[in-house]
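For the record, the sequence lines run as chains A and B. Going by the UniProt record's numbering, the first sequence opens with residue 1, and the numbers climb by one from there. Going by the UniProt record's numbering, the second sequence opens with residue 1, and the numbers climb by one from there.
Some clues are possibly wrong.
No copy is singled out in the list; a pair is fine if it fits within one copy or between any two copies.
Computed cross-link-like contacts, EDC-like style, restricted to lysine to aspartate or glutamate with a CA-CA straight-line distance of at most 16 Å [stated by the list, open to error]:
hint : residue 1 : residue 2
1    : 31        : 109
2    : 56        : 113
3    : 123       : 7
4    : 236       : 249
5    : 31        : 274
None of these hints come from the bench; they were simulated from the model.
Number of protein chains: 2
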Amino acid sequence: MFSIIIDMKKIGLLGCGAIGTQIALAIDSGKIPAILTHVYDFDRSKSEALVSRLKKRPQIAENPHMLSSNPVDIVVEAASQDAVRNHALSILQNRRDLLIMSVGALLDESVLEILLDACREFKRTIYLPSGALAGLDAIRSVKEELESVLLVTTKNPKSLKGARFFEVSKIDTDSITTKTVLFEGSAKDAVNLFPANINVAALLSLAGLGSHNTKVRIVADPQTDKNTHQVIAQGKFGSISITVENVPDSTNPKTSRLATLSAVECLRAACSTDMRIGS
Amino acid sequence: MFSIIIDMKKIGLLGCGAIGTQIALAIDSGKIPAILTHVYDFDRSKSEALVSRLKKRPQIAENPHMLSSNPVDIVVEAASQDAVRNHALSILQNRRDLLIMSVGALLDESVLEILLDACREFKRTIYLPSGALAGLDAIRSVKEELESVLLVTTKNPKSLKGARFFEVSKIDTDSITTKTVLFEGSAKDAVNLFPANINVAALLSLAGLGSHNTKVRIVADPQTDKNTHQVIAQGKFGSISITVENVPDSTNPKTSRLATLSAVECLRAACSTDMRIGS
Numbered sequence: 001m002f003s004i005i006i007d008m009k010k011i012g013l014l015g016c017g018a019i020g021t022q023i024a025l026a027i028d029s030g031k032i033p034a035i036l037t038h039v040y041d042f043d044r045s046k047s048e049a050l051v052s053r054l055k056k057r058p059q060i061a062e063n064p065h066m067l068s069s070n071p072v073d074i075v076v077e078a079a080s081q082d083a084v085r086n087h088a089l090s091i092l093q094n095r096r097d098l099l100i101m102s103v104g105a106l107l108d109e110s111v112l113e114i115l116l117d118a119c120r121e122f123k124r125t126i127y128l129p130s131g132a133l134a135g136l137d138a139i140r141s142v143k144e145e146l147e148s149v150l151l152v153t154t155k156n157p158k159s160l161k162g163a164r165f166f167e168v169s170k171i172d173t174d175s176i177t178t179k180t181v182l183f184e185g186s187a188k189d190a191v192n193l194f195p196a197n198i199n200v201a202a203l204l205s206l207a208g209l210g211s212h213n214t215k216v217r218i219v220a221d222p223q224t225d226k227n228t229h230q231v232i233a234q235g236k237f238g239s240i241s242i243t244v245e246n247v248p249d250s251t252n253p254k255t256s257r258l259a260t261l262s263a264v265e266c267l268r269a270a271c272s273t274d275m276r277i278g279s
Numbered sequence: 001m002f003s004i005i006i007d008m009k010k011i012g013l014l015g016c017g018a019i020g021t022q023i024a025l026a027i028d029s030g031k032i033p034a035i036l037t038h039v040y041d042f043d044r045s046k047s048e049a050l051v052s053r054l055k056k057r058p059q060i061a062e063n064p065h066m067l068s069s070n071p072v073d074i075v076v077e078a079a080s081q082d083a084v085r086n087h088a089l090s091i092l093q094n095r096r097d098l099l100i101m102s103v104g105a106l107l108d109e110s111v112l113e114i115l116l117d118a119c120r121e122f123k124r125t126i127y128l129p130s131g132a133l134a135g136l137d138a139i140r141s142v143k144e145e146l147e148s149v150l151l152v153t154t155k156n157p158k159s160l161k162g163a164r165f166f167e168v169s170k171i172d173t174d175s176i177t178t179k180t181v182l183f184e185g186s187a188k189d190a191v192n193l194f195p196a197n198i199n200v201a202a203l204l205s206l207a208g209l210g211s212h213n214t215k216v217r218i219v220a221d222p223q224t225d226k227n228t229h230q231v232i233a234q235g236k237f238g239s240i241s242i243t244v245e246n247v248p249d250s251t252n253p254k255t256s257r258l259a260t261l262s263a264v265e266c267l268r269a270a271c272s273t274d275m276r277i278g279s
């Protein structure tokens, strides 16, 4: 038993918001076979609120660099794209693995290149959960034979409110009464206009054809209460069509339940060595 | 450069048929960052034929045990369910990781238990490629919230010929002239009647609800020339629907191109440490 515990990976958590809290609870309950040793949030009261909910209490780091100067194996970023831009490189340089939730930061090719180089130099791994999507296993597999990838995201207009798209277009979310295609273009352009969709578009781009060649269509549907992502990929291998109808996470209505569950599963798999199901 | 080569994982290949050959060629071309050091096939002429196609020539092992007594990191089983039953345990006991293509062998719960125990005891990993499926990343993620999983496999009756199903039923493949549901039941029963579908049904069962609770429907469609697998999964998280239309692999018409590609991708990911996309 003792040897099992000392073999367990040590986790540092960067960001103690809704998703960080779910990950911490999954470690605390034993669902993820790991030990949460340190947490950090730039708002210290969030760290304290999280720690008070845990049976096995981690230390609160004084600053984000402390997370990876401690004997941590994997740092989990559940904070923001800025956190990735500011801290990911030094985490890898400190020879910690890194699980990134704010995948959108990797659409900046200069950031991606630097982090991939650091992974190779320091023999570290960046883990990217599947987010609110399914099928990244197959998209990665057919990458070299892919001819086209289209992501169709359908949401209630209310869920799209606040997107930059509505500043540059004449369309008002309240005026949408029937199913309406708002945008069709590259993933690169889509994430600028609909930043809330950035993780899904970024993951699909990274797994497949890149953000210039991955097509995105955004549909507003006043009749739906779900966030639906459909991926249609074609090539010499045949075709793959994936539709995920996502229910919001009750603990965090801005996130799909699947995005929370896939983050937990990604860390569980990274901390486990018995069986890895899927490519 | 030298340090990169000595860091590369060493692969032993068990089975030099069509899929083993594709994996060996992917290593030889550098697509998989690894070194193929040893191969074995119970038909030595197949080993010799494979080795003659490679630039970097592996040794031919004299027997399957030799594969894992050599300084190999990962043994790739691309042989048969019998090979899994006979050799998987000793490979893990010899402290090698194992990639299993003949996943159907793991539907025998006694085999699965023994191998999982060995993984834990010897700190080894079994890798299972996604086969001709997509979305095992998401199925694993929602496992605890899954309420139902259905696999619908549609093939031309000619592709179903020879299945045990036709011995026990009165249906003759030649008499099927319209789209016909041949079977509906558990994955457990499906794989006995349609052994050619065993890998897909086994993977989905292992990732999700197990072979008793995973439902399978087999459809014969004289109008199709593709092997289509559809997965419909539902639960509190929402729903996931995945359809994969598979083209046969030109190098191995009995296998889908996606199954070959996902085996190569699975080994590539297992041999790489930079970025892991997907849960």
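- Item | Numbers of the earlier hints that this structure fails to satisfy, in rising order | Of the numbered hints given earlier, those the structure breaks are 1 and 2, listed in rising order.
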